[in-house]
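A.B. asks: Sequence:
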Amino acid sequence: HYCLRALVDKGWVKAHNFRANPNKLGYAYLLTPAGLDAKARLTVRFLRRKLDEYDMLRAEIEETALKKEKDK
2 HYCLRALVDK
12 GWVKAHNFRA
22 NPNKLGYAYL
32 LTPAGLDAKA
42 RLTVRFLRRK
52 LDEYDMLRAE
62 IEETALKKEK
72 DK
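Letter by letter, the sequence shown follows residues 2 to 73 of our numbering.
Calculated from the structure, these hints are not laboratory results.
Do not rely on the hints blindly, as some may be mistaken.
DEER-style ranges, computed between Cβ atoms [claimed, not checked]: (1) A7 with K73: 52 to 58 Å; (2) K15 with T44: 16 to 22 Å; (3) Y55 with P34: 28 to 34 Å; (4) R42 with K15: 53 to 59 Å.
Where is the CB? At the ideal position from N, CA and C, for every residue including glycine.
Take these sequences, add in the hints, and give me the full structure.
C.D. replies: Quick look at the structure:
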């Protein structure tokens, strides 16, 4: 609830009349346009970080393979 409230306060999530809704499990939280923009920016940063990690791991694997090949 604390995190969701912060997202609502930032204007990234819209949640109205939750207390009045008898079906709390079926309640939908909607991302606002600002929330969608923030989510897209976070996704791009995440994917860039993962691609960098992948490139580093691939280079490390290639380096290890070359060392093993030289040791033969």
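A.B. asks: Would you mind marking each hint as holding or not holding in the structure?
C.D. replies: Each hint, compared with the structure:
| no. | hint | in the structure |
| --- | --- | --- |
| 1 | A7 with K73: 52 to 58 Å | holds, 57 Å |
| 2 | K15 with T44: 16 to 22 Å | holds, 20 Å |
| 3 | Y55 with P34: 28 to 34 Å | holds, 31 Å |
| 4 | R42 with K15: 53 to 59 Å | violated, 19 Å |
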